[in-house]
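Two chains, two frames, a set of hints: combine them into the complex.
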Amino acid sequence: MARKPKGLFIYAIFYLAFLYVPVLFLPLFSFNNSEFIAFPLSGFTTRWYSEMLADGAMHQALWNSLKVGTFVSLLSTILGLLAARALTRYRVPGGGLALGLISLPLFIPDIVLGISLLILLNRFGLPLSLYGVALGHMLICMPFAITVLMSRLEGFDKSLEEASLDLGETPWMTFWRVTFPLVLPGIVASLLLCFIVSFDEFLIAYFLAGTDATLPIYIWGQLRFPSQLPKVLALGAVILVVTAALVFLAEWLRSLGNRAAHRPAGV
Amino acid sequence: MAVADHAIARRGLKDFFRRSDAARGYALLSPVMIVMVAALAAPMILLALYSFWTQNGLTLDSHFTLDRYVDSFSRETYRALFYRSLAISGIVTVVTVALAYPMAYFVAFRVERAKFLWLVLLTIPFWTSYLLRVFAWKIILGYNGVINSGLMDLGLIKRPLEFLLYNPFAVVVTLAHAWAAFAILPIYVSLEKIDRSLLDAAADLGDGPMRRFLRVTLPLSLPGILGAAVLIFVPTTGDYVTPTMVGGSGGVMIANIIEVQFDRIGDWPAGAALAIASMAAVGIITLLTVQAVRLAASRVR
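Residue numbers (the numbering used here), protein chains in the order written: chain A, 1 to 267; chain B, 1001 to 1301.
Just chain B, same shape as in the assembly (with noise of 0.2 Å):
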């Protein structure tokens, strides 16, 4: 009797999951998810909480507490520090995008045969070694580097320039040259997707190439532009590698003192609530930003 139940229920089970749409999907997608819960839902509430606890010494005191926060926003050097890393991404996110914008273009318009050289050549740089690749313009900039050494080797320089490495510059220079791809590729989508009938239409009602350009294909593109340009804002406030190596104290960013905190100072919960914080905050500027730019475009158009 029971065997038999059993086999009913079992059968019934099978079945269940036989007609179901959804039960099969999440049969099958539950190993990622569990990988996702477990490696970036739990680590990150982890993280949440411990800035709102204590390090004492070495020892952790759990009582809520909202000290980290207060001490990160209330510390000048913080403060400056955070302002530095926003305006740089945000420079680096529109220049990165304004450079790659026309490069977009081309492959989506211009270029009919070799559409898919183009995009492997662009896309190359992207998957090889960040590491690398910042490393290089450390070699380019350096006091003793390609630069200053081949204009002197040419004689245009009698001394190293110093301008060059170890500032901001050199970190906007490296950034935007790493993540180029980032907004070569959403640009590029949102402009081949574009109907090339409009922009036909566009030119039987008289349209001149800029007004068109103007009115049909930058507005048409514009979600390839956001995209381009989240994916690039958010990761760049928080990096590090290129700060280290090209920043010099002047260029210093905030992921620089998150590790400080996490490595030589042992102070987590300082350097959780600095990661949230700061994280927070480029959300909600990004959040609003993407909302003006939409909210200024339908106004135009």
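So that you can see chain A by itself, here it is in the shape it has in the complex (with noise of 0.2 Å):
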């Protein structure tokens, strides 16, 4: 094979460092000893972290977004399953127009989301709560949970089930002895990334959180005083450092699904 030329790869590189240098600044300064977020840097501290970890508005607020992370992401990929599993497994006329207005939210603005949301709330007299929130936000996570569940339900072996109730065991044993732990990195790695995409919502929420504020919203608020924004940038670099640790995450488990679904038995 002909030697490829270097030239992409160095573009390749220098498109890495666009995406990643930007925002390495953020835990780059939440470490700096000034108030300013400006070179030269002035010395290492921690303070910012502990006067984050102090903060009892951001406290609340973090309990509030684990809060609809984890309903919005146990939600979302359990009828996500239920989905996927139909549109994978069962010839379903019409099942195309459900894929597609599963992934609708893609294609609409956020911003439309949450007013559209907001004017049902008021119609029907609900008051804006968290609920509201998790609502819109299983909106924008349904298209990610159904196309990582529909692929890990397309690679899987229809005659391993068959196999499992020929030997004698009930549906409900041979779900749980079978289709649940060849399903299971899918569903892992949908909780991941729903649980991410809801925690990191801001706009929906933004509209739909009332007096409860989420953590996008707090961070929000608190941009306004330049003298909150060290504090800020040290819990953007806590959020980042853990959500692409759980990306990571998801995606390993995900490719690793995916290449066990796919090797022929007996390998």
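No lab work stands behind these hints: they were computed from the structure.
Any given hint might turn out to be false.
Said to hold, decoys possible - Facing chain A, according to a computed beta carbon distance under 10 Å, are these residues of chain B, among others: (1) Asp1021; (2) Met1033; (3) Ala1038; (4) Ala1039; (5) Val1120; (6) Lys1138; (7) Gly1150; (8) Ala1180; (9) Leu1198; (10) Leu1231.
Unchecked claim - Just a few of them, taken from the derived set where beta-carbon distance is under 8 Å, the chain A residues facing chain B: (11) Leu16; (12) Ala38; (13) Leu135.
Since the structure is predicted, the reported quantities are computational estimates derived from the model, not experimental observations.
Yeah, the Cβ is synthetic: ideal placement off N, Cα and C, and Gly gets one too.
In structure tokens, the structure reads:
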């Protein structure tokens, strides 16, 4: 094989730098011993982190985001699993249409999702609350959940389930002992990705949360005050590291699952 | 008798579910569909209804009227904002796709072993907080930000450069960075699907690398390019965080006035009309552009 030119590789490195370097300024300045986010760096400190940890409003917002994220990821993954099974296992007329509807939120600006749900809640006299936020977040999580789970189920060998049934297992035990373990990597990946999407979402929550701020809403509020910025940087750095780790885990599980699912029997 | 009938009916229903693929499929799909109808379809219909209504102080007058639309289109400021939103999103789309294409091409054709690692590295920023990524650009481009303070520290400039933040340029840079993964993944998928023997065939028939790229690879990856473009253009026209944080008064976009109508002004019908009108316009422009590009591509081939 002819040697490939190096130009593309160099471009790829620059591209990665373009993606990562801007974001890395958050952790860099979060350790900088100055209220101003500017060069030259003036020494190492962890005081922004201790200030952040001592902030009660932040705790409440974090707790709200964790609650919504957990609820949304569980519900989206369960509903996504049912739908993915319907669309991969059964011949459902209009299945494509259903998939289109589920993917539609990807093509609608978040602000429109937010205001239309706001109108809905208002029309039915429902109060603004974290439940509304969760409903909105489900809309933007479902496309990801269904994509991850469908790709997992498509690579799934139907004969394994049939074999289990033929060998006398009940449908319920077949589900627990055959189907579930095989689909598990996809389920975990979907849970993680949905959690992250919900945890990071700002605009829909901004319209629907009312007085219960989620973490992004809290951050948005802090950005107006320059004196709060170093603290926000510390919080942002923690969020970036944790979400990056979770994404890596989710993607790794997904690839692991896909490889195992496509491996021919006996290998 | 009635009990027996009931039992037969029940067995009949059970048989129906067992036998009919479609019925089982619909049963499994129904929970998602209920959520989509309740949280997506119903709110969208309400949004459309509101856009034909009138806000009179605190009460809502539900007589049909097109006044909100007439208002939105006749106001000079709204029109200007709308064109600016389209222009910014259009530029963002072209820039993002153009920058992402070589990257996706590299992963699809050059990387052999570590494909997974590259793909994960390219997707991680996409999953991490949008708000924080936009905020990072504010830190970088700001008056006392990374670039200005860095350049002053190095003695290259005396006073901070003021043209970096709070303008459409800052919005374009920030959005192009924030939406990068949306461009890379669809393009990568379409490149990965290309049958490599077609490239060999083109080479055997005497096409050089450039010709081969233009006549085989590029046309075959067109679905990915168009998919990426739509996936970026449509949501960015309605972006709120970026113009608010780095756009300044010159970088205000349509979402900012929609938000104001819903929040400070409290004229929901006007906000609804703006939202519907801009979504419709963006949808039409997108469809026409995609068709035009497809047509042009088929002519070339």
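Each hint, compared with the structure:
Annotation: interface hint on Asp1021/B holds; nearest CB of chain A at approximately 4 Å, less than 10 Å. Because the closest C-beta pair between Met1033/B and chain A is about 7 Å apart, less than 10 Å, the hint holds. The interface hint given for Ala1038/B is met, as the beta carbon of that residue sits about 8 Å from the closest beta carbon of chain A, less than 10 Å. Because the smallest distance between the Cβ of Ala1039/B and any Cβ of chain A comes to about 5 Å, under 10 Å, the interface hint for this residue holds.
Below 10 Å, beta-carbon pairs count as interface contacts, and Val1120/B has one with chain A at about 5 Å; its hint therefore holds. The closest approach between the C-beta of Lys1138/B and any C-beta of chain A is roughly 8 Å, which is under the 10 Å cut-off, so the hint is satisfied. Given hint, Gly1150/B at the interface with chain A, holds; its Cβ is 5 Å from that chain's nearest Cβ, closer than 10 Å. Hint status for Ala1180/B: holds, given a least beta-carbon distance of 6 Å to chain A, under 10 Å.
The interface hint given for Leu1198/B is broken, as the beta carbon of that residue sits about 18 Å from the closest beta carbon of chain A, more than 10 Å. Here the hint on Leu1231/B is kept, as its CB sits about 7 Å from the closest CB of chain A, short of 10 Å. At about 6 Å, the closest approach between the beta carbon of Leu16/A and any beta carbon in chain B falls short of 8 Å, and the interface hint on this residue holds. Satisfaction of the interface hint for Ala38/A is found here, the shortest Cβ-Cβ separation to chain B being roughly 4 Å, below the 8 Å cut-off.
Of the supplied interface hints, the one on Leu135/A holds, with its beta-carbon coming within about 5 Å of a beta-carbon of chain B, less than 8 Å.
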